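Peer 1: Produce the complete structure using the sequences and hints provided.
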Amino acid sequence: MRMLGRTAQNLFWLSRYVERAENMARLLEVGYRMSLTSRREGGASEHLVSMLKAAEMDEAFAERHEVADVDTVAHFMMFDPANPSSVYSCLLAARTNARSVRTAITTDMWESMNGAWLEFSQIKPRDVRGAKLLGLLQWVRQRSHEFRGALLGTILRDDGFAFLQAGNFVERADNTARILDMKYYVLLPRSSLVGGEIDIQQWTLILRAASAHRSYGHVYHDRYKAHNIADFLILRTEMPRSLVYCAHFVRDNLNLLARLYGRREACHEAMDDLLKLVEGTNMDQIFAHGLHEFLNDFIDGNNRVTDTLSASYNFY
Amino acid sequence: MGENTPFDEMYNADGSVREPYRALSEWLGEQPEKGLALMQVDAEAIFRKLGITFAVYGSEEGTEKVIPFDVIPRIIAANEWRKLSRGIEQRVKALNAFLYDIYHRQEILKAGRIPEKLILNNAAFCPQMMGLEPARGVYAHIIGVDIVRVGPDEFYVLEDNLRTPSGVSYMLEDREAMMMLAPDLFQRSKVAPVETYPENLRRTLESVAPAGAGRNPVIAVLTPGIYNSAYFEHSFLADQMGAQLCEGQDLFVDGGKVYMRTTTGPERVDVIYRRIDDDYLDPLTFRPDSMLGVPGIFDAYRAGNVTLVNAPGTGIADDKAVYTYVPEIIEFYLGEKALLNNVPTYNCTDVDQRAWVLENIGDLVVKEVHGSGGYGMMVGPTSTKAQHEEFKKKIIARPDNYIVQPTLALSTCPTHINNDVAPRHVDLRPYVLVGDEVRITPGGLTRVALKKGSLVVNSSQGGGTKDTWVLED
Amino acid sequence: MRIAIDHRLSVTVPQGTVQAVFHLLLTPPSGPTQTVESWSVEGTGIGNAGRFTDGFGNAAHLVNQLRPEGEITIHVRGEVTTRDTHGVLGRPAGEPVPALYRRLTELTKAPEALYEPFRDSRDNRLSICHALMARVGDVLGLPEEPEAPKQMQADGGQAQVQEAGEVAERPAAADYAHLFIGAARALDIPARYVVGYRLVDGEDGLHAWAEAFDEGLGWIGFDPHMQICPTDRYVRLAIGLDAEAAPTLRTVPVAEVVQVAKVAAA
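Chains as they are written, first to last, in our numbering: chain A, 1 to 316; chain B, 317 to 789; chain C, 790 to 1055.
I should point out that these hints are in silico values taken from the structure, not numbers from a laboratory. The structure presented is a predicted model; accordingly, all values stated were derived computationally and were not measured. A few of these clues could be false.
Capping the alpha-carbon separation at 27 Å, the derived lysine-lysine pairs in DSSO-like fashion look like this [unchecked claim]: (1) B:710 with C:898; (2) C:898 with B:426; (3) B:709 with B:433; (4) C:898 with B:433; (5) B:636 with C:1051; (6) B:708 with B:636; (7) B:433 with B:653; (8) B:426 with B:653; (9) A:183 with A:124; (10) B:653 with B:399; (11) B:433 with B:708; (12) B:409 with B:433.
Listed next, the stretches of chain B that the computed footprint assigns to chain C, with coverage defined by at least 3 CB atoms under 8 Å from CB atoms of chain C [as the list claims (entries may be wrong)]: (13) 434–441; (14) 444–458; (15) 494–504; (16) 546–553.
Ideal placement from N, C-alpha and C gives every residue a C-beta, glycine not left out.
Peer 2: See below:
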């Protein structure tokens, strides 16, 4: 049976929203941790605000709240239905998409998604503070992993799989690029050989936000260095949240579509353009080009992949 | 009818167990304390996890409920079912013949057997359907007949549903759940399967594909979308049949044919099982403000390029005012006496009948002609004086808007209530498929009024469902 | 007589329309009063149109256009030979039962005062219909003298004299037809709406009138707007319960439609 364009769209966004919910939870967790340990005056708020910026929520937040403290930020990022990227909104959107394509996903995937939503929607925001907040953030990540596990373990490797995976990794690439761009200035090469306390704190934040603080050591056997961190999150193919890894993943799935449907589309060209940015290059070249410019080019190219994918496969 | 003691489907008047319920009775006796209660908890979890929910009208957006499921099955003996299914088959054949006639020569009106105005000025009558030749002459392919039992051998048809009857997914899921919960009970009985419904639905739909369709007609289920209260059922049936589940925006007409938008371009659609009401089906022909439908789909249907299931305009055959004439309809087209009883219905536009109705309203059931789902309805014996007065006023103001029937003593079945077993009133909706042949799934959906003494079984009014067993010989 | 018709419709759909769908009733039938000698309907998408007969027996087109841009033109041309039958059409084949046209519709509601005098009339249907036609003319005024103050009686007999200086909006022929149809149906006479062309010098030829059913003669045309039964200057295009059921063109999305019909003796 051929797939409806709307179904492809729903699958793509279902995965994107699950990934986004996970990323929001991870960002909030980092912001929360940093706010606990920062000794500087106003430091807590500063970390939280930078988290909001990385999630592109700072303006919407400022419209609704005057003070950025743990409670207001946590509520805004977790539970606020008015915030389209809150965990609440992401899970609801993911579940709504899943419901629309109930017949195109497996029962395990549906149960995982539906169960996550039903549990989350029972939670009273007032009850979630302190240790409970951290617990809930971990729960969000676990449910995202559970969904992905159900996906990998049960779904046919057909066009539906390709749309799901493409959505997941387009979102992940976007997230990693935005985290890097938010803090790109602390990653720029500088004359000072050793990073100061503040730099270390910022670097930790970046790595944690990408769940990369432990794997960094495994790859570099070295203390935190700006050059390595940028390299790790942009160019390392073994890092599952790096830009190059995500881009390869999306490419593979677009190629699967081309193979299944017997033709290449505009999205495959857009994908080739995106790959040119991250392949056959190194951090020195990227720094020479300008890290901020590079990240913006990547984010634009990534968006073009989504746009052309939508047009190529008759999304709405 | 109207007696005070309702018919108990499990126990005879002397307390002995009726034959079809013997195995169930033994099984109930063997259940440990709280056994049923545990089963009930498991059942709830099964339904919720599978996402079998219905949206509640008028409640907050996104509120979804699981229809209560009762873990004690309702049992119908083989001979009882044979009789019922013969009556149902007769009824659906006559109603389809009626629809054909009404949209062609209108012989039954010419013969004066049904008042012409009742049909022609009825909102459910669809003039655009005149002269159309549906595949195999079938208009209503999917029918739910609401039946109540009042005695060992006495069944009444409450209403026919020929538009887009829902609930069949509950019949299937109730069976699924029951088999998980009580496999041992199944082992002791010979229960006729219901799982064949999706395959039979598919065969029925394929059998009415337009002449131009290929060997394997492409079937789509057209749903209003995820916010519709029966969305679960739409997706369930599409999945079970291996058909595409479409929303209006997924379909379009081109060159008088219907296509769906797929990732690899347009694909022709031959048969559409539409779960969108007539009014919203096609803004070009019906309500221009409909956002749910497909512009031009009705014209494509008239052009013979696609089959709509059920056909538009079938509502004229299940109109509450036309209901009264169904025995007449059966006689006119089949030359037979109706096998199933119609509930006597009082016509409030008749002065004498109205006077009698107003005087006896406390014993009667009043239904709005175009109401459904238990809304706009009053059950006299269980309503207050104030409600009686309110409905009297309504009847006087618009006598044509209401039909009035005697209160039937619906039969009761043993039902699990608060860790105990108690009799509760039930009705039955068997599902009928009409295409190359008439296919009736044994049993149907049993709805049960969970409130003690209540006669309203609608899920929107606190009703639940039961698995329905037809025993084989 | 032989009549040549040149009918142009220009349709403007809202900007950004992805799919426009048209339902066309622009193909006249041949019958006792007319023979279609030649006919063509031209425009984008027409070649690919779905063709079918609608519930009233009209020949219809279903046309669709993907991302239409600007103005869409439909050009209808042809010649028809007409015969004067004093309005009598008879019983053409392929039409639904006449009883269908006793159905009341929103557009065809007539005030009781209009038809009540005929309720107990012992005259035959033909005479009643002629009298009804005259009465509709009395009520709505005759189009020939638009300047003259009119007696409006649409609300049931109470005369309203128009204020001096007020510009009268001439009721379209469709309103006359609807009033006639509503009154006839109220008297249990099947009556229907006809859209078609009328040969008239220097005016737009698109016109509407009514037909009523007589058990003996079949369908008979009545044009309450012109106060005559259709002659050989009339060409029937399509029929329906009312104007809404038989428009020459229906569109989704709702579009602006301008149409002009040139009708001339061939």
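Peer 1: Against each hint, give a clear statement of whether it holds in the structure.
Peer 2: Hints versus structure:
1. B:710 with C:898: Roughly 26 Å between the alpha carbons, so the hint for residue 710 (chain B) and residue 898 (chain C) holds.
2. C:898 with B:426: holds, 25 Å
3. B:709 with B:433: At roughly 25 Å apart (the allowed maximum being 27 Å), residue 433 (chain B) and residue 709 (chain B) satisfy the hint.
4. C:898 with B:433: holds, 16 Å
5. B:636 with C:1051: violated, 50 Å
6. B:708 with B:636: holds, 19 Å
7. B:433 with B:653: Cα-Cα ~25 Å, so holds.
8. B:426 with B:653: Holds, at roughly 21 Å.
9. A:183 with A:124: Given pair residue 183 (chain A), residue 124 (chain A) is violated - Cα atoms ~33 Å apart, limit 27 Å.
10. B:653 with B:399: The given pair, whose Cα atoms are some 14 Å apart, holds under the 27 Å limit.
11. B:433 with B:708: Holds, at about 25 Å.
12. B:409 with B:433: Within the cut-off at roughly 24 Å; holds.
13. 434–441: With 3 residues closer than 8 Å to chain C, the region 434–441 of chain B meets the three-residue bar; holds.
14. 444–458: holds (count 5)
15. 494–504: violated (count 0)
16. 546–553: violated (count 0)
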